[in-house]
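A.B. asks: Here are the chains, one letter per residue:
There are 2 protein chains.
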Amino acid sequence: MSQSFSFNSQAFCSYTKARAGVFSTPHGNIDTPRFMPVGTLANVKTLTPAQLQAAGAQMILANTYHLHLQPGESIVAGAGGLHKFMAWGGPILTDSGGFQVFSLGDIRTISETGVKFRSPRDGSMIDLTPERSIQIQNELGADVIMAFDECPPYPASREEVELATNRTYRWLQRCMKAHQRQDQALFGIVQGGVYADMRSMAARQLVDLDLPGYAIGGVSVGEPGELIDDIVKVTTPLLPEDKPRYLMGVGTHREMVRAIASGIDLFDCVIPTRLGRHGSALVRGERWNLKNAKFREDFRPLDESCPCYCCQNFSRAYLSHLVRAKEALGFTLLSLHNVTELIRFTQRIRDAILGDRFTTEFASWL
Amino acid sequence: MSQSFSFNSQAFCSYTKARAGVFSTPHGNIDTPRFMPVGTLANVKTLTPAQLQAAGAQMILANTYHLHLQPGESIVAGAGGLHKFMAWGGPILTDSGGFQVFSLGDIRTISETGVKFRSPRDGSMIDLTPERSIQIQNELGADVIMAFDECPPYPASREEVELATNRTYRWLQRCMKAHQRQDQALFGIVQGGVYADMRSMAARQLVDLDLPGYAIGGVSVGEPGELIDDIVKVTTPLLPEDKPRYLMGVGTHREMVRAIASGIDLFDCVIPTRLGRHGSALVRGERWNLKNAKFREDFRPLDESCPCYCCQNFSRAYLSHLVRAKEALGFTLLSLHNVTELIRFTQRIRDAILGDRFTTEFASWL
Numbered sequence: 001m002s003q004s005f006s007f008n009s010q011a012f013c014s015y016t017k018a019r020a021g022v023f024s025t026p027h028g029n030i031d032t033p034r035f036m037p038v039g040t041l042a043n044v045k046t047l048t049p050a051q052l053q054a055a056g057a058q059m060i061l062a063n064t065y066h067l068h069l070q071p072g073e074s075i076v077a078g079a080g081g082l083h084k085f086m087a088w089g090g091p092i093l094t095d096s097g098g099f100q101v102f103s104l105g106d107i108r109t110i111s112e113t114g115v116k117f118r119s120p121r122d123g124s125m126i127d128l129t130p131e132r133s134i135q136i137q138n139e140l141g142a143d144v145i146m147a148f149d150e151c152p153p154y155p156a157s158r159e160e161v162e163l164a165t166n167r168t169y170r171w172l173q174r175c176m177k178a179h180q181r182q183d184q185a186l187f188g189i190v191q192g193g194v195y196a197d198m199r200s201m202a203a204r205q206l207v208d209l210d211l212p213g214y215a216i217g218g219v220s221v222g223e224p225g226e227l228i229d230d231i232v233k234v235t236t237p238l239l240p241e242d243k244p245r246y247l248m249g250v251g252t253h254r255e256m257v258r259a260i261a262s263g264i265d266l267f268d269c270v271i272p273t274r275l276g277r278h279g280s281a282l283v284r285g286e287r288w289n290l291k292n293a294k295f296r297e298d299f300r301p302l303d304e305s306c307p308c309y310c311c312q313n314f315s316r317a318y319l320s321h322l323v324r325a326k327e328a329l330g331f332t333l334l335s336l337h338n339v340t341e342l343i344r345f346t347q348r349i350r351d352a353i354l355g356d357r358f359t360t361e362f363a364s365w366l
Numbered sequence: 001m002s003q004s005f006s007f008n009s010q011a012f013c014s015y016t017k018a019r020a021g022v023f024s025t026p027h028g029n030i031d032t033p034r035f036m037p038v039g040t041l042a043n044v045k046t047l048t049p050a051q052l053q054a055a056g057a058q059m060i061l062a063n064t065y066h067l068h069l070q071p072g073e074s075i076v077a078g079a080g081g082l083h084k085f086m087a088w089g090g091p092i093l094t095d096s097g098g099f100q101v102f103s104l105g106d107i108r109t110i111s112e113t114g115v116k117f118r119s120p121r122d123g124s125m126i127d128l129t130p131e132r133s134i135q136i137q138n139e140l141g142a143d144v145i146m147a148f149d150e151c152p153p154y155p156a157s158r159e160e161v162e163l164a165t166n167r168t169y170r171w172l173q174r175c176m177k178a179h180q181r182q183d184q185a186l187f188g189i190v191q192g193g194v195y196a197d198m199r200s201m202a203a204r205q206l207v208d209l210d211l212p213g214y215a216i217g218g219v220s221v222g223e224p225g226e227l228i229d230d231i232v233k234v235t236t237p238l239l240p241e242d243k244p245r246y247l248m249g250v251g252t253h254r255e256m257v258r259a260i261a262s263g264i265d266l267f268d269c270v271i272p273t274r275l276g277r278h279g280s281a282l283v284r285g286e287r288w289n290l291k292n293a294k295f296r297e298d299f300r301p302l303d304e305s306c307p308c309y310c311c312q313n314f315s316r317a318y319l320s321h322l323v324r325a326k327e328a329l330g331f332t333l334l335s336l337h338n339v340t341e342l343i344r345f346t347q348r349i350r351d352a353i354l355g356d357r358f359t360t361e362f363a364s365w366l
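Residue numbers (the numbering used here), protein chains in the order written: chain R, 1 to 366; chain E, 1 to 366.
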C-alpha cells in the first residue's frame, strides 16, 4: 500500500468480528464502519456536496462506465479530476464499470480480452478491458479505484461462476500492471458467486497480491439476503486485518449490521437516493411511502431523533404535500434524510463497537 | 396600515423616481428595491429555505389558488401556517389566485360574485370569490395578502378592461371587509390594461382606500415590454410615497431597472426557477442554454463575480454535464444561481440608489 493510504483498527467487538477503524486516503479519512453514498454520474442524485457533508458523508462513489459514456473522462480530467469537477473535497471511490457492463445483458460480448458493447447513448461500439477501465479511472482520479471484474449473475452454474472467478483474477493482474498512479489505491474484488469454496479460493489468491483494500463483489444481484450473509462469513476471515473491507452494493440496515459483525468496513447502495426520488423515506429500517394518506396531516418530523436538515425543519405533512405535487424539493429532502439515516446508522454501530456495546445495542438486527 | 407594517424610504435618485427603502413586516424587513422568488406550492422549486436565504431572498411568494387545490389551506393552517409549513421564517406574500383562475380560460365562468371553475385536480366545482380568497389567505397566514382581482387578458377591448377594472375595485372593497387578521397586510391591485386613463382612475380609487401597499397587476400577460414601462410610468406617480409598490410578474433585468426608475419597490417572476429547470442560466441579463456544445469543456464558473454556491464551486462544464444527463442537481444549481442573480441585481440597484449612482451605473439598461 502506498504511504498515502493506511487502515488502522481502533477497536474490536468482544463477541463478533466487528471492528472500528480509520481508512486514510489522500483526500481525508473515513471512519469505519461507514456507508458511502453513490454518485454515479459525478453527483449524488439531487444533493449538493454541502448537503452530503452535512449528512456525514466521508467517502462517496462515482462510476467509471457512466462517466466514460458522459461526459467522458477527458472532460473530467480537463476539470482537474473528479474531486474538482464535482466539488467534493473528500475521498472518492470509482467502481470499475464491470458490474454495469455485465448488467447490459444481450447487448455485450465477453471474451478474455474484455467486454465489447454498444453505447446506450450513441450506439457506438465500446471496448472495455481491464487496462482501459484502469486508464479511465486513472484519468478520473478517485482515491480508490476498483479492479475490472466479471460479475456472474444469480443464479449461475458452478461452471459459469468458476470461469468468471478465474477470469476476474487474471484481469486483476492486468489491472495492477496497467495502474499508473501512486495516489490511487487499487482494490481487488472477490468473486465466486454463492459457492463457498470458490469465494475462499478467490480471497486467498487476491490476498497473495497484497492489495491496499479488498471488496466482496457479486452480491446483491438478486440472491436471498441470507446468502449475502453466508458469502460474507466465508470470505471476510480470509482477508487481511490491516486492509479495509468493502461489501459492494449492500446498504440495508439488516445486511449492514450482519456484515459488520463479520468484519466488513465499507458499504455503498443506491437505495437511499432511489427511494428518495420515489417519494419514500427510510425511518429506522422501515420504508415509508410519503404518498400514504396517513401522512397528509402528520405534523411530526420523519424521525424526531434525526439531526438532518429535513427532520429538523419539515413535517411528514409537508413532505407528503411535496411528493404528491411532484415537487423536486421533496425528492431532495427525502434523499438527504435517507442518506443521513444510513450514514448515521453505521456511525452508531461504529460508536457501539468503540464502546464494545455492539452486540447489546444491535441485538435486534443480528 | 397596522403597526406591524411600515415602509420607510432611505434614499431617492436625483434623476429618476427610483427609491431605496425598507418594508417592515411581522416576519422581518425587506430592503427595496428587491426581487422576490416565487414559491407557488409552498416551495421555491428545487431550493431549500437555507439555499434561498443564502441567495439573499428576503420575502418569497406562494399562491392561494395552487395551495387551495393542494394540499388545501386547512393542512397549512394545521401545520401552524405557511411559515412553519414550508420552514421559511422570513416574510411571505400570497397572491390571491385571481391571475391563475382567469388564466384557466374556458373552464371558468366569471360573474359579479366571483369565479366558478372545475378543479384541474379532481374535477370538482370550486367557487372563488373575493371573500373566499381572503379567507384562504387568512388561513395560510402570509405577511402580505393580495386582493382578489380580475386580470383582463392582452389584447382586450376598452369595454372588457373597463368592466374588469371596475369589478376589481368592487371586489377589493369586499376583500377589505372580509379580511380578519391585523398581522397581515392586504395590498390592492391596480388594473386597467394598457389604457392610461383607466390605470389612473384605478390608482386614484385604490389610494383613497388607504391600503398598506399597492401592486400593479395585469402586466406581463403577453403585451410588448414597452407597454409595461408605459403602464408603470402612468400608474406609479399616483401611488403614495409611504407605501410599498409591487409590480406583479415582472422579473427581467431590463424591465426591473426601468420600473425601479419609475418608483417600483418589489418584483416577482417564475423565470429564474423555470429557466433553471430547463437547463438555462441567467448571466448578466443573458440567457445561456447549458446544453450548448460550447459549455462542454468550459471550466469557468457561470459568473466569476457571483457569490452563489453554484458559481463558487462548479464550472459551466459540470453544469452542462448535469443538464445533459438530466440530473436534478443541475436544475437545483441553476435555479440557485438564477435566483441569486436577480436578487443581487436588485440589491446592486439598491446600493447604487443609496449612493445616488443609479443612473450612471445602470445607464445601459435605461
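Accuracy of the hints is not assured; some may be wrong.
Just so you know, same-sequence chains aren't split out, so a pair can sit in one copy or run between any two.
Said to hold, decoys possible - With a straight-line Cα cutoff of 25 angstroms, these simulated DSS-like cross-link-like pairs (lysine-lysine) come out:
| no. | residue 1 | residue 2 |
| --- | --- | --- |
| 1 | 291 | 84 |
| 2 | 291 | 116 |
| 3 | 84 | 116 |
| 4 | 177 | 116 |
| 5 | 233 | 17 |
| 6 | 17 | 116 |
| 7 | 294 | 84 |
| 8 | 326 | 84 |
| 9 | 177 | 17 |
| 10 | 294 | 326 |
| 11 | 291 | 17 |
| 12 | 326 | 177 |
| 13 | 177 | 233 |
| 14 | 233 | 84 |
| 15 | 17 | 326 |
| 16 | 177 | 294 |
| 17 | 233 | 116 |
| 18 | 326 | 233 |
The set of hints was computed from the structure by calculation and includes no laboratory data.
A.B. asks: Take the hints in turn and mark each one as holding or not.
C.D. replies: Hint check:
In this assembly of identical chains, the alpha carbons of residue 291 and residue 84 lie at most 25 angstroms apart only when taken from different copies (21 angstroms versus 38 angstroms within one copy). Taking the shortest Cα distances, residue 291 and residue 116 never come within 25 angstroms of each other, neither inside one copy (42 angstroms) nor across copies (29 angstroms). In the homo-oligomer, the alpha carbons of residue 84 and residue 116 never lie at most 25 angstroms apart, since the shortest distance is 31 angstroms inside one protomer and 55 angstroms across protomers. In this homomeric assembly, residue 177 and residue 116 come within 25 angstroms of each other (Cα to Cα) only inside a single copy, at 21 angstroms, whereas the closest approach across copies is 74 angstroms.
Taking the closest pair of Cα atoms, residue 233 and residue 17 come within 25 angstroms of each other only inside a single copy of the chain (10 angstroms); across copies the shortest separation is 78 angstroms, beyond that limit. For the identical chains of this complex, residue 17 and residue 116 are neighbours neither inside a copy (41 angstroms) nor across copies (69 angstroms), given an alpha-carbon limit of 25 angstroms. In this assembly of identical chains, residue 294 and residue 84 lie within 25 angstroms of each other by CA distance solely across copies; the values are 20 angstroms between and 43 angstroms within a copy. Taking the closest pair of Cα atoms, residue 326 and residue 84 come within 25 angstroms of each other only across two copies (20 angstroms); inside a single copy the shortest separation is 32 angstroms, beyond that limit.
In this assembly of identical chains, the alpha carbons of residue 177 and residue 17 never lie at most 25 angstroms apart, being 33 angstroms within a copy and 73 angstroms across copies at closest. Taking the closest pair of Cα atoms, residue 294 and residue 326 come within 25 angstroms of each other only inside a single copy of the chain (18 angstroms); across copies the shortest separation is 32 angstroms, beyond that limit. For a Cα distance limit of 25 angstroms, the shortest separation of residue 291 from residue 17 qualifies neither inside one copy, at 40 angstroms, nor across copies, at 51 angstroms. When the C-alpha separation of residue 326 and residue 177 is checked against a cutoff of 25 angstroms, the pair qualifies neither within a copy, at 49 angstroms, nor between copies, at 36 angstroms.
Taking the shortest alpha-carbon separations for residue 177 and residue 233, neither the intra-copy value of 30 angstroms nor the inter-copy value of 74 angstroms comes in at or below 25 angstroms. For the homomeric pair residue 233 and residue 84, neither the shortest alpha-carbon distance inside one copy (38 angstroms) nor that between copies (49 angstroms) is at most 25 angstroms. For the identical chains of this complex, residue 17 and residue 326 are neighbours neither inside a copy (44 angstroms) nor across copies (43 angstroms), given an alpha-carbon limit of 25 angstroms. Within a single copy, residue 177 and residue 294 get their C-alpha atoms no closer than 57 angstroms, and across copies no closer than 37 angstroms, so neither meets the 25 angstroms cut-off.
Proximity of residue 233 and residue 116 under a CA criterion of 25 angstroms is satisfied in neither setting, with 34 angstroms inside one chain copy and 67 angstroms between copies. With identical chains, the CA atoms of residue 326 and residue 233 are never at most 25 angstroms apart, being 42 angstroms at best within one copy and 40 angstroms at best between copies.
Hint check: violations occur at hints 2, 3, 6, 9, 11, 12, 13, 14, 15, 16, 17, 18; the rest are consistent with the structure.
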